[in-house]
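J.: Residues per chain, in single letters:
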Amino acid sequence: MRGQASTKTIFAFLGPAVLGLALVGIAPLLYAAWTSLHFFNLTKLKRVEFIGLENYWSVLTDEVFWQAMGRTFFLLCTALPLQLAFGLGIALVLHKPGLTILKTLARLSLVLPMATTYAVVGLLGQVMFNQKFGVMNQLLGGANINWIGDSTNAFAMIIFWDVWQWTPFVALVLLAGLTMVPGEVEEAARLETKSWWTILRYVQLPFLLPGLVAVLILRTADTLKLFDMVFTLTRGGPGAATEFISVMIQRVGFRAFDQGLASAQAIILLIITIVLARIYIRSFYKEV
Amino acid sequence: MNTSRSLASQIVLLAIIIAICVFPFYWMVTTSLKTQIVALEAPPVWIFEPTLSNYREALFEDGVLRTLINSLVIAVSTTLLALLLGVPAAFALARFEFRGKKDLWFWFITNRMVSPIVLALPFFLIARNLGMLDKHVTLILIYLTFNLPIVIWIVTDQFRGIPYDLDEAARLEGASQFTIMRKICLPLAMPGVAVSAIFSFIFSWNELMFGLILTRTEAKTAPAMAVSFMEGYNLPYGKIMATSTLIVIPVLIFALIASKQLVRGLTMGAVK
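Just so you know, the protein sequences line up as chains A and B, in that order. Just so we're aligned, residue 1 is where the first sequence starts under our numbering, counting upward by one. Just so we're aligned, residue 1001 is where the second sequence starts under our numbering, counting upward by one.
Just so you know, these hints were derived from the structure itself, not from any lab. Remember, predicted model here, so these are calculated numbers, not experimental data. Here a beta-carbon is modelled for each residue, glycine too, at the ideal position from N, C-alpha and C.
Label-pair distances were calculated between CB atoms; the ranges are:
#1 A:Leu-139 x B:Ile-1184: 49 to 59 Å
#2 B:Tyr-1164 x A:Pro-182: 24 to 34 Å
#3 A:Arg-278 x B:Lys-1260: 26 to 36 Å
#4 A:Pro-16 x B:Ser-1009: 51 to 61 Å
#5 B:Ile-1184 x A:Trp-196: 44 to 54 Å
#6 A:Thr-61 x B:Ser-1228: 30 to 40 Å
#7 A:Ser-195 x B:Glu-1049: 48 to 58 Å
#8 A:Trp-34 x B:Glu-1168: 48 to 58 Å
Please work from the sequences and hints to get the whole structure.
T.: Laid out in C-alpha cells, this is it:
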C-alpha cells in the first residue's frame, strides 16, 4: 500500500533538501574538523600547520575550558529548578477551571517572553539592571546593587533573565501534560482527597513525565547554546564570571583569533550535543 | 467564603504572572520614548513627556531602517527557500517508506540542538575565502540549518494527518506523486505550512550570532545593529530601546498568531 515509490521518485522529493542541508550543515563541520587539527590563527595565517590532536589536548587540559563548562552546568542547575518550580505553579493555576478570560490573557502573555529576540533580552537587562538609573534597583526599594560589574550579581542577573524567558515554556509544556489527564480520572481523585500534592503525585505526574524529559534535554541543549543574551548583557564579564561555553568559544575564535583551538572546542561541544540529541530521539520518536 | 478567597488568590496570582511577563516590554517601550536626559535620570522616572525622536534618529540617521529591511529580506527569503526544499521532503517522509528515514530524523533533531558557534567558526572561514562575507545570500543559506528541519518536521506531521485514501483515488486516475502532493495534499496541509513559515521567520529574524560574525555593513541585520549601539561610554539607551522595540514587535505579533503551536514547534513535536 503505502510507500510504493521508486528510488527515483524518493530522490526527486528528498534530494534537494538533503543536499541543501548537507551543504550548509555538514560540509562546514568537516572544515571545522580539519581546522581543529591545525595551528590556525587569524592573525598568523602565513603559518597554518598540521599539529594533529594537539588542539584537543590543549582543550582537555585547559582550565578555562572546564571552568566555562562548569559555569554552564551551574547555570543549568540553578535556573532549571526555578523554571520547573515556577512553571509547575503557573501550569497548576492555569489548569484550574473558571476565570476563562483572565487565564486566556495569562496564557497569551506567557508567549511573549519566549518569542522575544534573545539579543533584545540582553539589551533590556542592560537598561533595567543599571546600577544608577535601572528600574530594578528602584523596585527593590532604592537599592544600590551593582548588577553588571559584580561577578555574583552578574551571574544572578543572567539566571533572572533565563528564568524570565523560559519559565513560560516550561509552564506551557506542563500545562499540555495536565490537559492530557482524563477528566473523569481527575474528578474521581478529587472526590477521594483534597490534597493537591497527592493528586499531583499519583494522578497527574505520569502525564507530566514526557514533558519533563523534553524540558530537561532541551534546556540542557539550549544552555550549551546560550550566546545572544549573554553577549549583549555582559559579554561574558566581569572577568570571566558569565563566560558560558558558547560565549567562550566565540571569544577564542573571534576575539583571540585562535580558530584551531576554537574549532577543537566546538567539535567537543558538538559531540556532547549529539549524545543529547540521541537521548532525545530515544525518548520521543520510537516509531518514526 | 473559602471558595471566594481561593478565587481572589487566583486572580492575584494570574495578575502577577501577567505583570511579570509584560513589564519588561512596558519598560522597553517607555524608555524608547524618553530623551537621553530623561532616560539617564536616577532614580528612573515613570511619568514624562514622550517623544518619538529616538525612532526618527535610529531609523533615518543611524541606518536602522536599512538593517530592518535586510533582516526582512533575509528572513523572508530563507523561509521561502526552506519551504521550497522542505515541503517535498516532508511529503516523502510522510508517504514513502525507505531506508535511512530514522537517520534523517536524527540529523534534523541534532540541527535543532547544536550550538550555532559550532557552525559559525567554519562558516566565517569559508565565507571569507569565497568572498561571501557581508552578503545577504550567505545568511539566507546558513539559516537553512535551523529552518529546514523545523519546516520538514511540522509539514511531515501535517501530511501524515491527511487520509491516504485521497492519494489512492488520485493515483487510480493516473496522477503522478508530484501532482498528488501539489493538487491534493498541499492545499489540505496549508495550516501546517503557514505555522512552519511563521517559525522559520521568527528564528531567522531573532538570530544574532551569524549576523554578528558574517556581516559588516551591507547585509547587517537588525539585532547586530542594536548590538553595535553598545560601543563606547555614553550609551544611547533610548535609541537602543527604540531599535529593540522595532525588532521585537513583528515577532510578538507572529508568535501570538502561532501561540497554540509554539510549544509543539519548540519541542519538535515531542509535546503536543
